[in-house]
Amino acid sequence: MIFIYAIAALGLIGLLFGLGLATAAKVFHVETDPRVEEVNDLLPGANCGACGYPGCMKFAEAVVKGEVGPDDCIPGGEEVSREIASLLGKETSSSSTPPLATVFCIGDIYRTTDSFIYDGVKDCAIDASFYDGHKACSYGCLGWGNCVRVCPFDAIRMGSHGLPVVDPEKCTGCELCAKECPRDLIKMLPRGDEGYLALCTSQDRGKTVSKACEVGCIACKACVKVCPVDAIEMDGKLAVIDLEKCTDCGDCEEKCPPGTIHRRTAIPTEEEARAAAEQKEKETA
Amino acid sequence: METLLSIIFIYIFVENFVLHRFFGICPFLGVSRKMETAIGMSMAVIFVMTMATLVTWLLYTFVLIPFNLGYLQIVTFILVIASLVQLVETVLRKISPTLYQGLGIFLPLITTNCAVLAVTLLAVRLEFAFIESIVFALAASVGFSLALIIMAGIRERLEMANMPDVLQGSAVTLITAGILSIAFLGFQGMLSL
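As you go down the protein sequences, you meet chains V and L in turn. Taking the numbering used here, the leading residue of the first sequence gets 1, the next gets one more, and so forth. Taking the numbering used here, the leading residue of the second sequence gets 1001, the next gets one more, and so forth.
Keep in mind the hints are simulated off the structure, nothing from the lab. Here the structure is a predicted model, which means the values were calculated and not measured. Idealized CB from N, CA, C, for every residue including glycine. There could be a bad hint or two in this list.
[Unchecked claim] Each pair of labels, with its calculated beta carbon distance range:
(1) Lys170(V) to Arg1157(L): 46 to 56 Å
(2) Arg1125(L) to Ser129(V): 51 to 61 Å
(3) Leu19(V) to Leu1004(L): 32 to 42 Å
(4) Thr32(V) to Val1166(L): 28 to 38 Å
(5) Glu1036(L) to Gly45(V): 12 to 22 Å
(6) Gly11(V) to Leu1126(L): 42 to 52 Å
(7) Arg1157(L) to Gly45(V): 50 to 60 Å
(8) Glu194(V) to Glu1036(L): 21 to 31 Å
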């Protein structure tokens, strides 16, 4: 008897709550635009925030409302923007490929000197704030990988030579790494194979640079003089190559004494860095 | 008044729900990684615990006891908490989207939180009166929040520390929780009802 009594009581209470919930769901029903959900499904879903909204869902709402265009999702690129545009019946304004993150420092651990041994938190920003960082060069990459940690797409890893390596296939151009780097070493460049780059950001005098790093720009202006199309200009004590003017001739790379200038496709890899270091060790021995 | 004050003190410090009674260890370890989420979770817990105790106490006193159904309390309380959380979620979504966004995923997460069930069960087992039960639930949830927020603060700092490989991750978190619990042992016997 008690058994039936309990089941009945519990069933009744459950039924009451169920009815209550059902009425509440009807009374407090919130209208949502089904398109928001559909747009959200098309987005990469990394919640990287490169669009300026706190997540993909918020961006989807903004697109549906018409606050931003479908191509404002940088990581999504052309494909996603086209899909969103066709879903919402809007037009995309451009068909650009996303830019590529490029590290403007080739001062690997073999060819740079340290001014002290850093034993603190493994974080670039903290290291940099501590006596200008443990590296002798106060502009160079510190190698603790803040950019690696911040990348939502796994497109950057820390190489064994102490410099970040960007995977061009995975990089979506979201700029999070560029914003994270305390030394502003990562720049977003339009994609392409042609053109040469001076991979250094040091504004130090040539003498200071060559003491700290074997491959840093020493502001000798050899490249400026040799360039046939005037694509290279000095920004303070640093050579800067204008990719739009560059004709890909390669004269500057040949002339550059420390070897700061490289073709975009030939940025020194981990193996090359180690080989160069071993070569030099042999020579000195 | 004195009883109410001692209930508040006891269940925030002396018999802290997490660090003394070991309820709600799962969210205590799960959402204490960041201060932001810890605060969100705390707010949701305070809200739900108080609401749940209010409803279950009324249900227990005016429905279960008169019908001699006291032995059904665990089942009914689970039912109450689950539907209450669902109800609150629906209502909040309509009335205050900001609060709904703020509490976010923490609200449905609490449905299966043992600390909430423990508060409602203890409130009737300790034979608290209505007002006392509410204050008890409030104090217990504030105690939970206190533990969670202290933990989040410590873990945010631990993240920055140089740690031997063996201790990294959950190992050091559990050790920290243990030490924190021992620290709260200092309140033991200070006050009792």
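Given the hint of 46 to 56 Å, check if lysine 170(V) and arginine 1157(L) actually sit that far apart at their C-beta atoms. 32 Å Cβ-Cβ, so the 46 to 56 Å window is violated.
Using the Cβ atoms, figure out if glutamate 194(V) sits within 21 to 31 Å of glutamate 1036(L). violated, 45 Å
Can you tell me whether the CB distance of leucine 19(V) to leucine 1004(L) sits inside 32 to 42 Å? holds, 36 Å
Mind checking the hinted window 51 to 61 Å against the Cβ distance between arginine 1125(L) and serine 129(V)? holds, 55 Å
Starting from the hint 12 to 22 Å, judge whether the C-beta atoms of glutamate 1036(L) and glycine 45(V) obey it. holds, 21 Å
How does the Cβ-Cβ distance of glycine 11(V) and leucine 1126(L) compare with 42 to 52 Å: does it lie in that range? Taking Cβ atoms as reference, glycine 11(V) and leucine 1126(L) lie about 29 Å apart, which means the hint is violated.
Between the beta carbons of arginine 1157(L) and glycine 45(V), is the distance compatible with 50 to 60 Å? violated, 31 Å
Evaluate the given range 28 to 38 Å for the C-beta pair formed by threonine 32(V) and valine 1166(L). The hinted range 28 to 38 Å is violated for threonine 32(V) and valine 1166(L), with Cβ atoms some 48 Å apart.
When the structure is compared with the earlier hints, violations turn up for hints 1, 4, 6, 7, 8 and for no others.
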